[in-house]
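Asks: The residues making up each chain are set out below.
2 protein chains.
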Amino acid sequence: MTNSSSERPGEFELIAKLFAPLSAKSAGAYGLTDDAATFQPPAGEDIVVTADLLTAGIHFRAEDPPGLIAKKALRVNLSDLAAKGAAPAGYLLSLALPRHWTLPWMRSFADGLHEDQDAFSVVLFGGDTTSTTGPLTIAVTALGTLPSGTMMRRNGAKIGDSVFVSGTIGDAGAGLAVLNGEHASIAAGDRKTLTSRYQLPTPRLALGKALRGTATASLDVSDGLLADLGHIAETSKVRIVVEADRIPLSGAWKEFGAPLLSAVTAGDDYEIAFTVPSAKRHEVLQLAHRAGAVITEIGRVETGSGVALLDSSGGEIPVSRKGYRHF
Amino acid sequence: MTNSSSERPGEFELIAKLFAPLSAKSAGAYGLTDDAATFQPPAGEDIVVTADLLTAGIHFRAEDPPGLIAKKALRVNLSDLAAKGAAPAGYLLSLALPRHWTLPWMRSFADGLHEDQDAFSVVLFGGDTTSTTGPLTIAVTALGTLPSGTMMRRNGAKIGDSVFVSGTIGDAGAGLAVLNGEHASIAAGDRKTLTSRYQLPTPRLALGKALRGTATASLDVSDGLLADLGHIAETSKVRIVVEADRIPLSGAWKEFGAPLLSAVTAGDDYEIAFTVPSAKRHEVLQLAHRAGAVITEIGRVETGSGVALLDSSGGEIPVSRKGYRHF
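Heads up: the sequence lines are chains A and B, in that order. Under my numbering, the letters of the first sequence match residues 1 to 327, in that order. Under my numbering, the letters of the second sequence match residues 1 to 327, in that order.
None of these hints come from the bench; they were simulated from the model. A few of these clues could be false.
The list cannot tell twin chains apart, which means a pair is met if one copy fits it or any two copies do.
No farther apart than 30 Å at their CA atoms in a straight line, the calculated lysine-lysine pairs in the DSS-like style are these [as the list claims (entries may be wrong)]: (1) Lys192 <-> Lys280; (2) Lys158 <-> Lys254; (3) Lys254 <-> Lys25; (4) Lys17 <-> Lys158; (5) Lys25 <-> Lys209; (6) Lys25 <-> Lys158; (7) Lys25 <-> Lys237; (8) Lys192 <-> Lys158; (9) Lys237 <-> Lys254; (10) Lys237 <-> Lys17; (11) Lys280 <-> Lys25; (12) Lys192 <-> Lys17; (13) Lys25 <-> Lys192; (14) Lys254 <-> Lys17; (15) Lys280 <-> Lys209; (16) Lys237 <-> Lys192; (17) Lys17 <-> Lys209; (18) Lys280 <-> Lys17.
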């Protein structure tokens, strides 16, 4: 991975060679040759905009494959759009590069973006490239669109609603533990399943779109299932009760063999947690099925505040830390 | 500046206390209680979007006053909108905070943003807050609007056009040198003038708007006057000739007493450099005057490529490095 600086392109060459091709399908990105991009939402649509910043050592491991780092940076932003019901349109990418970056590393990083742009129908609108004395830092702003006024908020959960979550929970947290050398005895297939979930989350875009008009509240699970349901509870001014036995867990996670609490507080799942009126419990299962997504009913919305995790006898399981916090 | 961690708010409290008030004037920011914001451009307008990332030790000094750091991060983005002719609407702010941050520091940072939001009619749409083991890193994405199709590009300069620049050039570069302890003998007033220009650039928003429909090419001077004119020359496929004697220099810069080449290559000026048809040379002076801006004609557009700096006898002054490069 060493490379003399003379073999590396300069800032402007880097943009022209590796990043400009990523903007090719957007007329308003001007091949990244200008200070800004232009964009217009379709008539009758709102723009939905979200930003996430990822730092080596916190959101990904510096030694992770560059294509996977790039994809994760893009996907965690697309996951926010998915949970809001928006269709992704494009993104801006700002990179602070440590001084030891190499051209092959950057090429793999750009290739990863290229693959995901095709997979998720997004284009690069612009960004910035600078150096840093610190770890690799990746700031992405994603833009999506949806019919005006239809964004699924966090604050609409109603007493009596059912609480659902997509996919399985806890895999990414277990995957990070595996990458960090824990549970070295786990089978190769399970190891791969869990680490992939950490390194390559899947934004649930089709599901999010299908939930528009049906879900009363929605967000993506990034901090930890209980912490994120806490955000819905707080903004909706309700209490959310989750039944521990109903948490969807993968076979690989069960082989990993961690306590359930680690699954519901680890974060990085990038599944969608949402509430629907109880009368639509069956309808939403059909909607999800048609969107190619698996969802599980895990609880209900009650009067009160906060989030409670209940055991099979209905007793509340004490939870000291509901999710990841940066400080 | 020390502070026990128990006195510091957590991630979510920080957002609620210091950043949510900055979003109050935007209905689509939802008080920063959601994953994303919604935004609609006025009918018949394009959204203009730009991103800049600033790192302590490169774009600002870590010891600079936090309010000024915040303002600079916002203003360098507004400067891009200005040069494109866009009216600013809002911005997203992603922060990677070193572990030693304190509440008073963050409060001053937010206060700086608040003041500039009022000054420039922008609101906070959203963002992200994380920790980093490296230097403070600030990623801003700014959104503006303008009538569809009127964005001033870099690529429209025509043979025979006149080249203009706003304000004075080189002050910020001299200001950084002063902050770094060079030219300690400079008078206090001049010192203040130059350092302010480094720490607190002024986005030329009124000028940018006034130039819409008149300037053939436009950008903001961030890398260095000659380097940025080089971007216009390259995308417009022309040669730009600048007369050294015409470069607008402040009294403070002259007192500082550096070679002219440092002024035209230092960068961080955040003035607008633009081209206009020669027939509009006088008209554009009036437009700028009405916008409260001072502009100076510094050169012309010719056939060929690249940028040339000419001395008073018309000879080309050799320039080895035309502007700042991160790598």
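Asks: None of the hints should be skipped; say for each whether it holds.
Replies: Checked hints:
no., hint, in the structure
1, Lys192 <-> Lys280, "neither (36 Å within a copy, 65 Å between copies)"
2, Lys158 <-> Lys254, "neither (33 Å within a copy, 67 Å between copies)"
3, Lys254 <-> Lys25, "neither (43 Å within a copy, 48 Å between copies)"
4, Lys17 <-> Lys158, "between (51 Å within a copy, 26 Å between copies)"
5, Lys25 <-> Lys209, "both (23 Å within a copy, 28 Å between copies)"
6, Lys25 <-> Lys158, "between (42 Å within a copy, 27 Å between copies)"
7, Lys25 <-> Lys237, "between (43 Å within a copy, 23 Å between copies)"
8, Lys192 <-> Lys158, "neither (39 Å within a copy, 57 Å between copies)"
9, Lys237 <-> Lys254, "neither (34 Å within a copy, 62 Å between copies)"
10, Lys237 <-> Lys17, "between (50 Å within a copy, 19 Å between copies)"
11, Lys280 <-> Lys25, "neither (39 Å within a copy, 35 Å between copies)"
12, Lys192 <-> Lys17, "neither (33 Å within a copy, 41 Å between copies)"
13, Lys25 <-> Lys192, "neither (34 Å within a copy, 47 Å between copies)"
14, Lys254 <-> Lys17, "neither (45 Å within a copy, 40 Å between copies)"
15, Lys280 <-> Lys209, "within (16 Å within a copy, 51 Å between copies)"
16, Lys237 <-> Lys192, "neither (40 Å within a copy, 51 Å between copies)"
17, Lys17 <-> Lys209, "neither (35 Å within a copy, 32 Å between copies)"
18, Lys280 <-> Lys17, "neither (50 Å within a copy, 37 Å between copies)"
Comparing the model with each numbered hint stated earlier shows that hints 1, 2, 3, 8, 9, 11, 12, 13, 14, 16, 17, 18 do not hold.
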